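Chemist: Residue-level listing of the chains:
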Amino acid sequence: MLTIKNLHATVVGKPILKGINLEIGDGEVHAIMGPNGSGKSTLANVIAGREGYEVTEGTITYKGKNLFDLAVEERAREGIFLAFQYPVEIPGVSNIYLLKAAVNAGRKHRGEPDLDAMGFLKLVREKLKLVEMRDEFLHRSINEGFSGGEKKRNEILQMAMLEPTLAVLDETDSGLDIDALKIVANGVNSLRSAERSMIVVTHYQRLLDYIVPDYVHVLAQGKVVKSGGKELAHELEAHGYSWVGDDAKAAAG
Amino acid sequence: MSVKLNTESCEQAFDSLSGELVGVDQAWLSQRRHDALNRLGNTGFPTVKHEDWKYTDIRLLTKHEYVLDASIDLTAMAAKVESSRIDALDALRIVIVNGRFRRDLSTIDSLPEGLIAGGLAEQIASDPASVKAWIGQALPENGHGFSSLNDAFVNDGVYINVSAGITVSRPVEIVYMISAGDVAPLAQPRTLVIVAEGASIEVVERYISDSEDTYLTNAVSEVFVGSGARIELDRIQEEGSRAGHVGGLFVCQRTDSHAVINTISLDGMLIRNDLRASLDEPGAKVVLNGLALGDGRQHIDNHTHVDHIAEHCISREFYKSVLDDRSRAVFHGRIVVHKDAQKTDSEQQNKSLLLSRNAEVDTKPQLEIYADDVKCSHGATVGQLDETAVYYLRTRGIDEQSARGILTFAFADSAITDISNEALRAYIDTRIRDKLGAGDLTKGMSF
Ligand SMILES: Nc1ncnc2c1ncn2[C@@H]1O[C@H](COP(=O)(O)OP(=O)(O)OP(=O)(O)O)[C@@H](O)[C@H]1O
Ligand SMILES: [Mg+2]
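Protein sequences, first through last, are from chains A and B. Residue 1 is where the first sequence starts when you use my numbering, and the numbers rise one by one after that. Residue 1001 is where the second sequence starts when you use my numbering, and the numbers rise one by one after that.
Chain A extracted, bound-state conformation (with noise of 0.2 Å):
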């Protein structure tokens, strides 16, 4: 699904990612964890392809296709989803105007129709049922007013109605009270699939006894440090990051 070769990219000019190796494939679930500034964010960025993250170095292959060869919007509409660690308030612009635009640009992409009021709607309302969000968020523009937990939720809903190929979610579960842990994990294990890849970025180890992931991965200054299954992140939780290596020892001070 996507391999990611010696990745180096800075932004503003400062090195930040600094030679990331990883192979994700079908259906796996990837976790990406480790200290504040390591670079998690940059990277899930640069696989969106946010301007301002140049790449210096290295290649990022997408289902067989060289990733920076397509613009944000196109990477979005062959199946890159990104939920956003701080979701964007977007005054004016309803939310689901976003969705019904968002889905229909995925649409058009694959020469299928537009979604017709009907089919939009019923596909809208389950969607919400997942993520147990009221009718109402609807209406209100994107983010606006919304709370931590009710933002983090409107990225899943977002994710769920573009049934994406890669989902890349960042620190998807900070800011989350236990029960709406449990809603976004459950959004999330829902669209689990042997097509679906994910990559799950997160502090905590909570949100992986929810998600179980294939893969831990722990990135510190800008690399990968140590790579390992499930257990590796319950051993980060028991030692901290000190543990891992030296480079993480750094990171952590």
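Hints are computed from structural coordinates only; laboratory data are not their basis. Among the hints, a few may not be true.
[Said to hold, decoys possible] Only pairs whose alpha carbons sit at most 30 Å apart, straight line, appear in this in silico DSS-like list of lysine-lysine:
(1) A:Lys230 x A:Lys5
(2) B:Lys1364 x A:Lys108
(3) A:Lys129 x B:Lys1443
(4) A:Lys230 x A:Lys182
(5) B:Lys1054 x B:Lys1364
(6) B:Lys1054 x B:Lys1339
(7) B:Lys1375 x B:Lys1339
(8) A:Lys108 x B:Lys1435
(9) A:Lys182 x A:Lys122
(10) A:Lys122 x A:Lys108
(11) B:Lys1435 x B:Lys1063
(12) A:Lys122 x B:Lys1443
Note that this is a predicted model, so its numbers are computed, not measured.
Since the structure of chain A is already known, use the hints to place chain B with the ligands on it.
Modeler: Just chain B with the ligands, lined up with the frame of chain A:
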């Protein structure tokens, strides 16, 4: 009869024309005109040396010679009046061409009971007292040269009077049109709207021209809102590409009255709006919304002035501008809370979105408070599109151009949400969308 925008030329024009104006036999009216001409003689036309005209250089207007009685191409006008119709609006229509009321082009045959709506000149001729009681009452004493000019030549325009307790269910649409050509017309409509106690009306003022010729609209509207009365006035400026528009709108409000004024400036080379609301009696509420959508070299200047005279009044003011290319907007919002206006509740905001490096906005919110128990806030922001928001939309599959269109449209569109008439809002939405090139994706976006 032609005139230039200087005192001598205006005085000459007055000497030869004043005898032909309506109601010359009415001494009070002649006196008004003479007084106004004297005021003009004293103040002259404003220059950039005036604090209130610092950012608006009227030399773009004064270099032309204007014609006060330009001839009208009636066939062309009839077609334009027809094509300007907003079908779903279902309004009573009053049509003004070059400042003169045209009954033949208007649609006011069957007016509901309690409503007078028609031409000002006809009203002066048939019932001068009904005009004398109101005209000029809303104008400030220290008005500028343009409003004095309108006053000196006051002749025709619109007269609307809603009797006490009457709710006019259909909107009254006033279409101010221009028939230009070889000469540059000067149109000086005067509009009086009187909403008596407990009455209610929606008035849509549309200044429309597709002309690419030079002309000047110098309009003055006066609005009187009686106790417990309500008015929504939507002023939509779609003037020609070389047109100047100086528009004064003066509103006086009595106890517990409610006025919503939406000023939407879309087209015109130079637009200067002076909007003044006077909350004369307790419990009055005024809402002022504005949208200035500039591109090319357009210049749109909004001067607003709210007087809180009485206690317990509310004012809400939200002005927005979206500026592209080399366009420029000015916002000067003055709120004066007079000494007896305790418990005043006032809020003012001006937000500007600059789409180009060469666009410019000058904003000056100004609060003067002479009472001690008041709640007032004001603020101004100027910025560009939120790039994080553009990125966010793109990560959802929306192309960059559409994402920018959506965000710009959303910014602009939020300025018109107080326009209650759906058909009118839809019309303005379309105009905003077209002007911004916001793309089809913004259709169906409005709340
Ligand atoms: N726009 C920017 N300008 C300057 N520095 C930046 C910018 N974006 C990211 N950085 C820097 O890059 C480094 C990595 O940031 P990143 O957001 O990827 O960390 P993270 O691993 O996601 O951290 P956290 O766990 O706190 O979310 C940080 O030192 C950060 O300050
Ligand atoms: Mg992060």
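Chemist: I'd like to know which numbered hints this structure contradicts. Please list them from smallest to largest.
Modeler: 2
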